[in-house]
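Taken in sequence, the protein lines are chains V and L. Going by the numbering used here, the first sequence opens with residue 2, and the numbers climb by one from there. Going by the numbering used here, the second sequence opens with residue 1181, and the numbers climb by one from there.
FYI, nobody ran anything at the bench for these hints, they're computed from the structure. It cannot be assumed that every hint is accurate.
Pair by pair, the computed Cβ-Cβ distance ranges are [what the hints assert, rightly or not]:
1) L:THR1256 <-> V:GLU42: 28 to 38 Å
2) V:LYS77 <-> L:PRO1276: 29 to 39 Å
3) V:GLU42 <-> L:THR1193: 15 to 25 Å
A few chain L residues that don't get close to chain V, going by computed Cβ distances all over 12 Å [said to hold, decoys possible]:
4) THR1232
5) ASP1236
6) ASN1242
7) GLY1252
8) ASN1287
All of these numbers come straight from a predicted model, not from anything done at the bench. Ideal Cβ positions, reconstructed from N, Cα and C, are used throughout, including at glycine.
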Amino acid sequence: GQNIDQPTEMTATEGAIVQINCTYQTSGFNGLFWYQQHAGEAPTFLSYNVLDGLEEKGRFSSFLSRSKGYSYLLLKELQMKDSASYLCAVRDPRGYQKVTFGTGTKLQVIP
Amino acid sequence: GAGVSQTPSNKVTEKGKYVELRCDPISGHTALYWYRQSLGQGPEFLIYFQGTGAADDSGLPNDRFFAVRPEGSVSTLKIQRTERGDSAVYLCASSPGQWNSPLHFGNGTRLTVT
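Okay, chain L solo, but in the shape it has when bound:
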């Protein structure tokens, strides 16, 4: 079946602009995660959703970052007033939601802020 889909695969934007990154999880997966990964580092937790609600947003670095999942399926990560330090690969993962379920990752969106 279809895996986790992220669009766009690459995004180049200028400092100060607004960007939206989209994630389509595996159908039926109730849990959805956003991570950020810089070169040579492990994925850094940003936020996760259980259904439509953000169950834990403790990893969002500041109020420029916001994510939504209005219908409990597709999620959008929104970054306002982008900074060069926001450049990274943004990974989305979904899970069926059981306690022993693994996370299934998309291929990520590579964001470059110039």
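Just chain V, same shape as in the assembly:
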């Protein structure tokens, strides 16, 4: 099975940097996703990591350590619109298809 842990809530200041952690214990692993979900909206894709290391994409970066079962999402130069839930999800290696989500981290950006 899959067990994915994320902090429930975080608060950060506009313009700052925030790191959202995700740990996972899974029976198999074939990549980790990060999604952003604004209240009342669908999740939207942010990043996908399958190899160890840091992937940078504009203000957002995602890191993966497979040996530690650990990932983080780094958001720089925070903007008010970044207030949302951030979902960590792990892909099952069997058939490469099943994707299991964590409970999400609700980020509030304050002025």
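With chain V's structure known, arrange chain L on it following the hints.
Here is chain L on its own, set in the frame of chain V:
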């Protein structure tokens, strides 16, 4: 291009009734997923299809839930004898089917069972 479309956007039904939720995936996407999301929680996996067949239905909570995708495109999630605990947002997502492909989500159907 068009994204994933789910209908209806909202559905209110009485306890014990039958409901159908529809998902139109992105054209050409072979993989289709159904998730259920309660307030403050992450999406909970229900079932996914590769083409017409249900490749993994391990997340369906019980035999009141059933899903089909007869022609490998549109999918319908069917819930019999609805219960108040079934109230949630039902999300559909599709993917091209490659191992590194992200899931593209629809806006969901908010189901309320009274």
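Okay, the hints, checked on the actual structure:
Checked against the hint of 28 to 38 Å, the pair THR1256 of chain L and GLU42 of chain V fails, with Cβ atoms roughly 23 Å apart. Against the hinted window of 29 to 39 Å, the Cβ-Cβ separation of LYS77 of chain V and PRO1276 of chain L comes to about 30 Å, which satisfies the hint. For GLU42 of chain V paired with THR1193 of chain L, a C-beta distance near 23 Å keeps the hint of 15 to 25 Å intact. The beta carbon of THR1232 of chain L is kept farther than 12 Å from every beta carbon of chain V, the shortest such distance being approximately 15 Å.
For ASP1236 of chain L, the condition that its CB be more than 12 Å from all CB atoms of chain V is violated, with the nearest at approximately 5 Å. Distance check on ASN1242 of chain L: its Cβ is at least 18 Å (rounded) from any Cβ of chain V, clearing the 12 Å threshold; non-interface status holds. With a cut of 12 Å on Cβ distances, GLY1252 of chain L stays outside the contact zone with chain V, its closest approach being about 15 Å. The non-interface label for ASN1287 of chain L is inconsistent with chain V: the shortest C-beta to C-beta separation is roughly 5 Å, within 12 Å.
Of the hints listed earlier, those the structure fails to meet are numbers 1, 5 and 8, in rising order.
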